[in-house]
Structure formats: structure tokens, C-alpha cells
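The residues making up each chain are set out below.
Number of protein chains: 2
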Amino acid sequence: MTRYQNLASILSQRIEQGLYPIGVRLPSIRVLSKEHGVSITTVQQAYRELEDQQLVEARAKSGYFVARRKMRPGLPDCCNTTQCSLTIPQWDRVLDMVNPVQPGETAFRFAAPDITASSLKPLTRSLSHLSQRQYLRTFDDEDIRGSFELREQIARLMIDSGSRMDAGNILITDGCREALSIAIRCVCAPGDVVAVEKPCFHAGLQLLHGLGMNMLEIPTDPVTGISVEALELALEQWPVKAILVTPTGNNPLGYNMPIERRKALLRLAQEHDVAIIEDDAYGELSYPYPRPATITSMDFTGNVLLCSSFSKTLAPGLRVGWIAPGSYMNRAIHMKYVSTGPTASLPQLAIVDFITQGHYLKHVRRMRSQYQHNRDLITRWVTDYFPCGTRISRPQGGFLLWVELDHRIDTQRLNRALSEQNISIAIGAVFSAAGKYDSCLRINFARQPTTELKNAVRQIGVAIHQLLEEK
Amino acid sequence: MTRYQNLASILSQRIEQGLYPIGVRLPSIRVLSKEHGVSITTVQQAYRELEDQQLVEARAKSGYFVARRKMRPGLPDCCNTTQCSLTIPQWDRVLDMVNPVQPGETAFRFAAPDITASSLKPLTRSLSHLSQRQYLRTFDDEDIRGSFELREQIARLMIDSGSRMDAGNILITDGCREALSIAIRCVCAPGDVVAVEKPCFHAGLQLLHGLGMNMLEIPTDPVTGISVEALELALEQWPVKAILVTPTGNNPLGYNMPIERRKALLRLAQEHDVAIIEDDAYGELSYPYPRPATITSMDFTGNVLLCSSFSKTLAPGLRVGWIAPGSYMNRAIHMKYVSTGPTASLPQLAIVDFITQGHYLKHVRRMRSQYQHNRDLITRWVTDYFPCGTRISRPQGGFLLWVELDHRIDTQRLNRALSEQNISIAIGAVFSAAGKYDSCLRINFARQPTTELKNAVRQIGVAIHQLLEEK
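Chains as they are written, first to last, in the UniProt record's numbering: chain A, 1 to 471; chain B, 1 to 471.
Check the hints yourself; a few may be wrong.
[Stated by the list, open to error] In the SDA-like style, the derived pairs of lysine to any residue whose C-alpha atoms are separated by at most 20 Å in a straight line are:
1) B:K241 to A:P190
2) A:K454 to A:R380
3) B:K263 to B:I159
4) B:K121 to A:K454
5) B:K121 to A:R380
6) B:K241 to B:P190
7) A:K241 to B:G212
8) A:K241 to B:N6
9) B:K121 to A:P190
10) B:K61 to B:S33
11) B:K454 to B:P387
12) A:K121 to B:Q132
13) B:K241 to B:S327
14) B:K241 to A:G212
FYI, nobody ran anything at the bench for these hints, they're computed from the structure.
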């Protein structure tokens, strides 16, 4: 974060907390410059940033004032009853959603990061350089667990999340999807019951379904995450084998589960001898820094399996993920051997270069700040253009916004209407096995904001208004 | 194949067939030159090649004569009773075997192709070139089924195997392993019985085990493949759901199953409504050209699933395979989505370049000829250096030789003895769920022959002799 962004963030927090009420005159540029030990220009930039966010307004010859804002949208209402579902009827809808991007399409539907950042260039260079001599390497030199150097680097990066691991605790996979698939098969057999967040990211639901598991959907709060209380009730009623959670930068809700709730979840799982599968793919994209500790880092039983990847922090096309399977390493290696064999080595080696040359942390820092900035923008755009009464999440990490519309709106119909304007969203229905969330949608806000993007959000708003008028 | 190789092959066939009996004087250089319309030099080169193979010997001023040879080794005795096994205890041994290569090791233990051929260079160039701009592409542009262009090219290549498919019948996977894993899950549920060849390649056995299947091992002839007769008996006794076979360039036996036997196998499977999973990874490395038609190409029911990859023809590090799942496409797409998501696009695009620019067919032709030549050499070396009574396979494709030693030899012990000389082989035990083949081994002969390789084979022979003497 640059100095002006830092200052803007401090001021914006004070406004949010009500320290500077609406209409009040804010400290002068000179006072702030002195108070924070920064230049006049920095304060001016910070105020301009806050103006962009419509938090403050400049009045000629009077200075800056806290702006009168639209009501902040409410939070989505995700919580309702626990239920056990045996099938997922949404596969056709998911398939529809993961179709390739059409020419000219403004696609909000994917959970893909921004891969246009210049800070990724050293990675592209490494890949190109290495592919001249490394690409065709056979498996002969490859450990089924993946590159030792990469596993060492991942263990180092994981110190930030509170974990003390070494290369021997980590297994490289073809993306986080394979890590999850391995994790589930490590702790469950087909027919077993797995508890999931509700809403749960659609690949997770399809994965459980594809592996023959039964899903138990647990009410999940858009700010504090999976309900430990509801889970406790569920564990008493159902023979749950594992709990699949994404506590940091949750997909689709964007929350960071508070540390105390993480601890309570772990305690509950340990009491019932249930495994936790922790999806940490968005972990390093948590806006609060340092990032929250993983549940894995708090566990001493080996019954928490961490799955992650470079797909959200770097690029999904690399297909490099990992699993830290706790006490299940032997099973995990067998699963890896039988599902795809060793992961391609070239991208692994390129990532090692990228990390050891210091580019990785710089890139992730930059993206974190970009995504946080974009979160504020998309929040404003949705507030401005979507109908009053729209509820939205408050992402604390990642680049996904969850939106709950008026209950008369079917977002699948909305998506069809938007397709005429070459815009696409992720429909809410695929985030639950039970076909809930028909009025919800998920929007990707990873890309650098442009007028075109802003207009696309406006067009979504117009389409929603039109659907409402038809009712 | 060059002219002299072609002539050498014709002459060698005549000798094998007994048209030129042992000790007989062969046609003069001049006569052959006229008969085949080739130069004197070509005939001389052909005779030199046959001398190298110890098929002919030159006698000063008299010309060339059919050489007196050592007895040709017998065929391995693979066939014995059908049996149903519920577990595979060999995982530790497999894990041992797939360890990374040690510095200085002469590794015969992998099923890896030769990737040092200069005909692969255009592929490396494409990869490097594409990675400058394509590598980080997100999934947004990617079809879960893989690159359309690549699927079109694969469909074209498959015409040689008798199949008429189009891109819509093919799904790209992370190597053949994922294709097999998807195929099995398309047609079976955990607990089902799958019939396999005996011996069966170890990854296949581990895969079935890992997916919770029960295996039924069917006696397999080292020349004609899986016993259709034994299979028929088995199908009457057991509720078999699928048959997993590698009819072309079989791993580990190297046979090409005769067309009539393929037809009989298909008929049998259709009568019993059992799916066939056809592993064709070595299909294009069949020495006879044109290659044998796949079982898939003879089927009209959609109950034969073809799995293949570029791992044996190009390089395993590419991690690009495919499945043509017959009538199971929808299930296969779901399995692909949940097991790893889309396959990395860069290697797919590089392979498209390599094929469309005409490099692929040239490369495969070259490797086929290299492997056939190496097959003759390794056969001679094993005949020369291994104890009398050793039995070996007669590979008709690929680069793997199956060797059956005196039954007092335990090849795991042999491997330990060889490890002191930094040589490794694949032990026979891992090729059967029932722990048979303790006296067998598999040797890779893909690499260009060198004195070092020849010496390594000699060292294996010496080690076997030593173990026999200890008995």
C-alpha cells in the first residue's frame, strides 16, 4: 500500500466508524500532513481517493466534508435450515456457466484473478526460458510429491498463516481442485456425509457429488462464516465424516472467519473426530494484513487437511496447487499417483524462480491492494445502479462479490437477458445443492476498473430494474 | 525407415522364417542391388546391420552367410489361473520404483520414451514461444473439454487406428492416467469388479485399487494378449463391469493383439454388456505399419472407452492425454470438472503447432523405427548376457521388454544388488495384484543404444548369475 492509500484507508475507517459524522468538515490538508508526517501532495491524493469513493466531497474554499451517502446495502440473508441433500441437479447450469468466454463478452461469472498485472512478467520470462530446456523432462527426475524446492518455498510462505511445516508435509497437485479431490478421498468413502458451507462454491459441491458423497448444508453467516452452533446440531444428527470450509476470502461470500470462530470450529471437529478440509486458495488475498491464521495451523491432531494453489494468487493456467494432508500423507500420495501421476514440473520450477527472486510477495501485495480498492468501487457501483433493497457481501479478501436481489428476480433469467448484451454473471442457484439462491448472483471484481466495466455493472442494474417492472 | 534398414528388415524376416537356413550363403551384394533397385552401398550397409544383429556373418572372399545363433529365448509363461483379489499389497514397492532417478543411475525401471530426439526440437520451440504470451491464460477462454483444435487433430490422427471421430467425441485430460481414472469412474462404482490383463501395468492396478475396485486377473498370452476363453469363463462367474486392456504395444508384454482376437473380445464384451477400457497410449508406436485397428474403432455400441496420451509418443512432462468415452461423454466431462478442472492450455497449443506443421508424424515414424531397432539390440544383449533358460517377450510396439528369469531368482533382491552399481529395473511383482512374477522384470529400451547401456545389461546378467550361484 502506498502512503496516500494508507492515509485514505485510515480516514475511510474513521468515517465508517462514525468518528467523522456525515456533513462534518474534515481536518485540513496542512493538519493531516503534520499529524501523519506525510507531504501535502500525499494528503491531496488521499482526499482525491476518498472523493472517488464518494466518501468525502470537496467544497470550494471550505475544504473537505464527509459526504452524504446512499444507505449502505444490507447483508445477504444466507442463513436458514440445515438439510441433507442426496443429489445436485445443477450440473447443467454449472456446465453452462463454465463455457468459454464469447468474443467481446464482459464476463463476471468466473472466479479468475487479474492476470494482466506487470508484476507477473518475471514469471512469464521464467516459463519461457525454462521451457527451452526443461519442458520435456520425463517423470524420471520427478518426485510424485512434486518439486522439493517448491514445497520448501510453500512451507516458508505458510509461516504467514501460522503453520510450521516443511517440504515433507506438502504434496503438489494439478491445481486446488485436485487437492480437494484428494483430500475428500483421504478421509471419506463414497456414501459418506460431508458438511459444507451454505452457500458453497459450485466446484466444491460438484466435486463432492462426483465422488459420491452426500452433502449437509450448514447455515453460513456472511460475516462470521459457517455456523458452529448449527454444525454442532448437525454433527449430533448425522454421521458427518468431514467439514469442507473456506474460512479466508470465502468463495462466494468473501468473509474472513474470525479467529475465535475458527478455534470453536476446530474444537467441535476434534470433539466429534471429524476431519476439516480447509480450502485456503484465497488465503493470501486477505485484505487485513497479516492474514488470519489457518485452522490447519491451530491443529495438532493431523485431522485438518489444507488445500491451496497458485491459481488465485498467480494464474489458474499454471495448474499448480498443493495439499498439506496432515496425517493422511501416505493415502494422499497414493491418490495423486492414481489420479494424474506427477504434476508437470516446468510451472513448478518457474514459480520457484518467481518466489526466490522476491517477485511473489511483491505481486501478491499489489493484487491484495488492487482487489481491496476494486471491492470499494464495485460496492459503490452496485449501490448506485442496483435497486434499493439489494443486499451485498462485505468481502475481506479475494475478488468476488455476492449479491442478493429482490426475491422475485430469478438470476438465471437475468443472465439470459444479459447475454444479449454480452454480459455474464454467476447465478446463485449453483452455490447450493438444494437449489436455493435463485435470486442471488456472484460478481468477479478482479480486473482493473474501466468505464466499460462500470457500464456493464450499470447494464446489469438496468436489466434487474426491467425484470422487476415486468412483475 | 531408410533404404538399408528396409532391406535389412526384409532379409532378417527371410532368415527368421527359415527361407535362408543357418549356414547358407546369402545372395551377393551385386544380385541384391539389382533385385531391390538399390545401390551397392545400401546393400553393404544392410549386411553390416545384420552383422551387428549377429544374424549373418561375413567370410573373407566368400560373401555373407546366415549365422549360427544361440537358441532364441523362449516366451515368458504368463498364463495361469484366473483369480479375484481384493487388495494390492504392492504399493510400497511401486513407491520405491517411482522414486526420482539418482545421479549417475542407469534407469531401466520407467516406462518413459526417449525425449532426446532432435525431431522434438520444433515442439520445444513452440512451447517456449507460446509461453511468452499464452501461459498465464486463465480458464476463461478454456473449454473444459480442452482445445478444439487439438481435439480435431487427435480425431484426424485416429483415422490411422480405424476410428471415425470428431472433436466432439474427445476430451483432453492431464495425461493418460487421468483419462483412465475418468474412464473407470464412468462405467464403474466402488466395489465393482474390473477384469485386467495378467500381467497388468502397475499404475493400472494401483488406479483400480485407489478407486475402490476389485480386480479379476485374466491369463494373458505374451503374443496374442488377454485370453478371451478365460475371460468368457470369468464373465460367467463374476459380475464384471469393465475390462481394462492395452491391446497395442502392451505394457509390459509388448504384444499387438491380433485383429481376430480383438473382434472376439469385443463380441464377448457386447454379449455380456461389459464396457471395454482400451489403453492406446502405445498405439502409434506399433512396429507393423499401418498400426492395428483399435477395438474402439470396431464398436458401434458406445461401450468402449479409449484412453491415450502424448506421453509415450512425445513426452510425459507435457501432461496431455485424452479420452474418447463413447456414450459416456457427459459423465466424463463431469469427472474431468471435478477431478482437476481444465487441462493447461499451453502444451495443447504447442502440440497443435507440432502436428499441423508436419513434425508429429515424422517424429513418431522415427521413434517407431528407433524402438524397433533397439528391440532387436536388447533382445540380443539379453540373449547373450542373461543365463540360459531366460524367457523374454517379443515386443511389436513400444519400448518395454518383459523378462522371466529362473524361478529361484527374486527380482526385488536382484534390484537391491543392482542398486550398488546404480542400475535399476522394474520388478515383476508390481504387475500383478496377487504378488506373482517375483522372478520377472521389465526393461526400458527407449534410449539410443550406447556402450554404457550395453554394459549395464551385461551387469544385470552378471548379477543374475551371481544370485543363481548363491542358491
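So, going through the hints one by one against the coordinates:
A distance of roughly 18 Å separates the Cα atoms of B:K241 and A:P190; the hinted pair therefore holds under the 20 Å criterion. With a C-alpha separation of about 10 Å, the suggested pairing of A:K454 with A:R380 holds against the 20 Å cut-off. Between B:K263 and B:I159 the alpha-carbon distance is near 18 Å, which keeps this suggested pair within the 20 Å criterion. Of the pairs offered as hints, the one joining B:K121 and A:K454 is violated, with about 47 Å between alpha carbons and a cut-off of 20 Å exceeded.
With a C-alpha separation of about 53 Å, the suggested pair B:K121 and A:R380 falls outside the 20 Å cut-off, and the hint is violated. The straight-line distance between the Cα atoms of B:K241 and B:P190 is roughly 11 Å, inside the 20 Å bound, and the hint therefore holds. Between A:K241 and B:G212, the direct Cα distance comes to roughly 18 Å. Compliance with the 20 Å bound is thereby established for this hinted pair. Of the supplied pair hints, the one linking A:K241 and B:N6 is violated, its CA atoms being roughly 63 Å apart against a limit of 20 Å.
Our distance criterion of 20 Å between C-alpha atoms is broken by B:K121 and A:P190, whose separation comes to about 45 Å. A distance of roughly 18 Å separates the Cα atoms of B:K61 and B:S33; the hinted pair therefore holds under the 20 Å criterion. The suggested pairing of B:K454 with B:P387 holds, with an alpha-carbon distance near 16 Å, which does not exceed 20 Å. Of the supplied pair hints, the one linking A:K121 and B:Q132 holds, its CA atoms being roughly 9 Å apart against a limit of 20 Å.
Restraint check for B:K241 and B:S327: the C-alpha separation of about 15 Å stays at or below 20 Å, so the hint holds. Pair hint B:K241 plus A:G212 holds up; C-alpha atoms about 18 Å apart against a cutoff of 20 Å.
When the structure is compared with the earlier hints, violations turn up for hints 4, 5, 8 and 9 and for no others.
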